[in-house]
Amino acid sequence: MAHLERFPLHRAAFFNDTKLISHLIHDGADLYEQDMHGNTALHISTMLGHREATALLLAHNAPVKIKNSDGWNTLMEAISYGDRQIITTMLRKLKAQSRESMTSKKPHLVEMLSGLGDFYLELKWDFHSWIPLLSKMLPSDVCKIYKRGTSLRRS
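full-length UniProt numbering puts the sequence shown at residues 1 to 155.
Since the hints were made in silico from the structure, they are not lab data. One or more hints might be untrue.
Straight-line Cα separation of at most 25 Å, DSS-like style, residue types lysine-lysine; simulated pairs [claimed, not checked]:
#, residue 1, residue 2
1, K105, K95
2, K124, K95
3, K106, K95
4, K106, K147
5, K95, K67
6, K147, K124
7, K136, K106
8, K124, K136
9, K124, K144
With beta-carbon atoms standing in for the labels, derived distance ranges [as the list claims (entries may be wrong)]:
#, residue 1, residue 2, range
10, L91, M36, 24 to 32 Å
11, G28, E5, 16 to 24 Å
12, S69, K95, 23 to 31 Å
Computed from a predicted model, the values in this text were never measured in an experiment. Backbone N, C-alpha and C fix where the C-beta goes; we use that ideal spot for every residue, glycine too.
Between the sequences and the hints, there should be enough to build the whole structure, so can you do that?
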């Protein structure tokens, strides 16, 4: 329990104390802070099945993609515990956070694309097997990528 004292937001999530979570967030608590196991407060509330604390942390944009030291993010934890309500909420938040991340990176991406020359790239893959007739059922495909100016097109 001593480690919970160093991480007050984690402690509040552990005990599902939504009032304290709100107070700590209002006072500037770091939603990205990880404990010695790499868990964020959202990891803790998710693993313990605390819907209220999880919903509150997500409402304040707690990061869904951060992985703990075992390589699990909070969505993976939610899926492993099977709480459909939390899974659905996290999927929506992950989509919103991914969109925000992409929007913030878009100007840099456009700048990088304008610095590259125009090109055409063709990726082809075929899967084969030593088992007779299986190779005919295995997938194969060609992906073509065209770049002109700052535009990308795939066919």
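Report the numbers of all earlier hints that the structure fails to satisfy, in ascending order. Checked against the structure, the hints that fail are numbers 2 and 7, while the rest are satisfied.
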